[in-house]
Amino acid sequence: MSGVRVLVGTRKGGFVLSADGKRERWEVSGPHFAGWEIYHMKGSPADPNRLYASQSTGWFGQLIQRSDDGGKSWEPVGNKFAYDGVPGTHKWYDGTPHPWEFKRVWHMEPSLTDPDTVYAGVEDAALFRSTDGAKTWHELPGLREHGTGSSWQPGAGGLCLHTIILDPQHPGRMYIAISAAGAFRTDDGAKTWKPINHGLHSQHIPDPDAEVGHCVHHIAMHGARPEVLYMQKHWDVMRSDNAGDSWQEVSGNLPTDFGFAIDVHAHEPETIYVVPIKSDSEHFPPDGKLRVYRSRTGGNEWEALTKGLPQRDCYVNVLRDAMAMDALDSCGVYFGTTGGQVYASPDAGENWAPIVRDLPAVLSVEVQTLP
Amino acid sequence: MILVVLPAHLRTLAQVNGDVQLEIHGHATQRAVLDALESLYPMLRGTIRDQVTLERRPFLRFFACEEDLSFASPDAPLPDAAASGKEPFFIIGAIAGG
Chain G
1 MSGVRVLVGT RKGGFVLSAD GKRERWEVSG PHFAGWEIYH MKGSPADPNR LYASQSTGWF
61 GQLIQRSDDG GKSWEPVGNK FAYDGVPGTH KWYDGTPHPW EFKRVWHMEP SLTDPDTVYA
121 GVEDAALFRS TDGAKTWHEL PGLREHGTGS SWQPGAGGLC LHTIILDPQH PGRMYIAISA
181 AGAFRTDDGA KTWKPINHGL HSQHIPDPDA EVGHCVHHIA MHGARPEVLY MQKHWDVMRS
241 DNAGDSWQEV SGNLPTDFGF AIDVHAHEPE TIYVVPIKSD SEHFPPDGKL RVYRSRTGGN
301 EWEALTKGLP QRDCYVNVLR DAMAMDALDS CGVYFGTTGG QVYASPDAGE NWAPIVRDLP
361 AVLSVEVQTL P
Chain F
1 MILVVLPAHL RTLAQVNGDV QLEIHGHATQ RAVLDALESL YPMLRGTIRD QVTLERRPFL
61 RFFACEEDLS FASPDAPLPD AAASGKEPFF IIGAIAGG
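Chains as they are written, first to last, in the working numbering: chain G, 1 to 371; chain F, 1 to 98.
Treat the hints as calculated values from the structure; they're not laboratory data.
Among the hints, erroneous ones may be present.
[What the hints assert, rightly or not] Pairs of lysine to aspartate or glutamate, DMTMM-like flavour, derived with a Cα cap of 25 Å:
{"hint": "1", "chain 1": "G", "residue 1": "Lys-91", "chain 2": "F", "residue 2": "Glu-23"}
{"hint": "2", "chain 1": "G", "residue 1": "Lys-103", "chain 2": "F", "residue 2": "Glu-55"}
{"hint": "3", "chain 1": "G", "residue 1": "Lys-80", "chain 2": "F", "residue 2": "Glu-66"}
{"hint": "4", "chain 1": "G", "residue 1": "Lys-12", "chain 2": "F", "residue 2": "Asp-50"}
[Stated by the list, open to error] Which chain F residues stay away from chain G? Per the calculated CB distances, all over 12 Å, these:
{"hint": "5", "residue": "Asn-17"}
{"hint": "6", "residue": "Glu-23"}
{"hint": "7", "residue": "Gly-93"}
Yeah, the Cβ is synthetic: ideal placement off N, Cα and C, and Gly gets one too.
If we strip away everything but chain G, and leave its shape as in the complex, we get:
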C-alpha cells in the first residue's frame, strides 16, 4: 500500500511523520537538528528519498541538510550563499537604502526531474540554484537585477523570497513571490523576470496598484493547469487565469481575507483551501475558531471545514508554507500551527485529526506521496 511522509519544519527542529495510505497510525521521527529553526524541508519529486532541509539560527547562521534515505540520516552540505557581484541596496523599513545581506533560506524547491537540482529562496530576497545536490550554490541574479530590486522593501518577516513554483508543462517557466515586493515570473529559466502583480491592490503602499511592493504571502498552482494561479495576499485571496499577467479577487464570503497559507486539491484544480486569519495585527483565527475554508469553484464561494478542529479558544496561526496536500485517491490535506499541532484530513477536509499536538511552532509542512 502506498503511504505518505509529512515533513515538518519547526522553530526547534525538523520532524518526519509517516503513515500508510489509511493515514490513521503515524510514526513520528525527530526532532532532527534539535534546537535549530527548520524553515523548510522538501523532497525531490524525482527521487522521494532525496530530501533537503533549511536549518538556521541567529547564532550560527545557515546550514543546508540533505538526506538520501528519506530522512533517516542527514548530511550537512553547502551553505555558502554569496550574492552575484556587488548586490547594491534595497529599501529598508524606513524607506532608506539598505545593503543586501544574506540572512537565511526560507524555501527549498527541488527540480521536478533532477534530484541534484534544487532552488533556494532566501532573505534578503534572491533566488539561488544548486545542480550538485546542494554542495554548491549560485545566485540566479536576473531576478534581483531585473530593474525593480532597489525599490523592494521588507515585510514584517523580512525581505524574503518564500515561494518558488516550477511549471511542469512549460520548461523554463517559474514563479516566485517576495514579501513585500510581489510576484514575479520567468519564462526562460530564470535569466529574465517580470513582475506579475497587475490587479493586486494594497493599501499599505503609496500607489495601491503599483507594479511592485505588494505583500504576497503565498501562491499555489495545480500542475494540470499551470496557467491558473491562486494567491493569498496580505489581505485578499486572488486568482489569475493567465499565468499571473492579471489577477482578480476571489475572497468572496470568507470571514476575513487575511491569511498566509493557500493550496490546491491534488485532483481537483478548482478546489482550493485557505485558513483565514483575523488580521495582520492579531495573527489568529476569527472568534477563536480554527477553520479551514474550501472553495470548489476556484474561489468566491467558500465553505468552512471544522470537524475535528478546535472551535473555541484557539489562537494559533498557520504560516505560509505550513499547508500541503497528498496525492492519494482521497486527497489528504495537512497543515501545521504555531501552537505545534499538525492536523491531517484524509478526506479532502471533511474530517480532521491532529497527528501531533505539541511540537514547537510549526514553520512549514510538506507532504510526499510514496509508492
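Got chain G sorted already, so can you dock chain F onto it with the hints?
Relative to the frame of chain G, chain F by itself:
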C-alpha cells in the same frame, strides 16, 4: 596543540563529544585556529564566521585566558597559555532567554 571549546550546537553539528584539539602550524592566531577548525570539521564553515567576509558572526564571542578576544585582530597572537594548550580557546554563543 590548541584546545577549542565549542558551543553545544556546534559540537552536535561537528559530531564531537568534548573539546577539540587542533594542531596549528605557524603562529597561533584566531585566524589560524578557525582555519584549522574548519579544515578538520568542514560542516562548521559559515557557523562561526561569515564565509564571504570571514567576520565573526555577531552573536558569538571569542574568550581565552579570561580575556575577551572578540575584537582582537584575527592575526594577533593568542595569549601564550592558549597558544600552548594550557588554557582553552572558547567560542561562546550569546546567552538567550530571560
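Quick rundown of the hints versus the structure:
Taking the CA atoms of Lys-91 (chain G) and Glu-23 (chain F), the gap is near 46 Å; set against the 25 Å cutoff, the hint is violated. For the hint pairing Lys-103 (chain G) with Glu-55 (chain F), the CA-to-CA distance comes to about 14 Å; that is within 25 Å, so the pair holds. Pair hint Lys-80 (chain G) plus Glu-66 (chain F) does not hold up; C-alpha atoms about 33 Å apart against a cutoff of 25 Å. With a C-alpha separation of about 23 Å, the suggested pairing of Lys-12 (chain G) with Asp-50 (chain F) holds against the 25 Å cut-off.
At roughly 16 Å from the closest C-beta of chain G, the C-beta of Asn-17 (chain F) stays outside 12 Å, upholding its exclusion from the interface. Remark: the non-interface label on Glu-23 (chain F) is consistent with the geometry, its nearest Cβ contact in chain G lying 24 Å away (cut-off 12 Å). A beta-carbon of chain G is positioned within 12 Å of the beta-carbon of Gly-93 (chain F); the least distance is around 5 Å.
In this structure, the hints that do not hold are numbers 1, 3 and 7, in rising order.
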